[in-house]
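Take these sequences, add in the hints, and give me the full structure.
Using my numbering, read the sequence shown as starting at 1 and increasing by one per residue.
Calculated from the structure, these hints are not laboratory results.
Predicted model only: the values in this text are computed from it and were never measured.
Using 35 Å as the maximum straight-line C-alpha spacing, the simulated DSBU-like pairs for lysine-lysine come out as follows:
1. K64 to K44
2. K28 to K44
3. K64 to K28
4. K68 to K85
5. K28 to K68
6. K85 to K44
7. K30 to K68
8. K30 to K44
9. K68 to K82
10. K28 to K85
11. K44 to K82
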Amino acid sequence: MMVMGTEVVKPWVQQLQSESEYGDTICKLKRGEQVSLYWIENSKWVTNADGIVQAAVPQSYRRKLFEKAHSGAFAGYLSADKIYKQLSNRHTWSGMRRDIGR
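Written out as structure tokens, the structure reads:
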């Protein structure tokens with residue numbers, strides 16, 4: 001388990017497993033089944049879509065990740081498109097571009 005501030009957070013894979021878009025795939029991976037483009041590494045669910053290795057982000061972490069990307073010295077001046085490009089280098093989730101553009 002990880003602690004962020006005063007909040008205790010389950011590892012990413014456990015949280016993703018409870019989400020409808022990732023749950024079935026994670027169950028297959030845990031059973032040792034082959035699932036193309038996906039694997040579990042360092043307690044994170046990873047995808048290799050488009051040749052880029054990205055960690056899938058649970059819903060409960062998405063806002064924190066966005067806020068972190070948006071809080072740097074010059075980040076307040078970044079467009080949604082630039083923040084998306086910055087985050088998508090290492091992270092992914094379904095609807096990511098839409099969520100960042102809000």
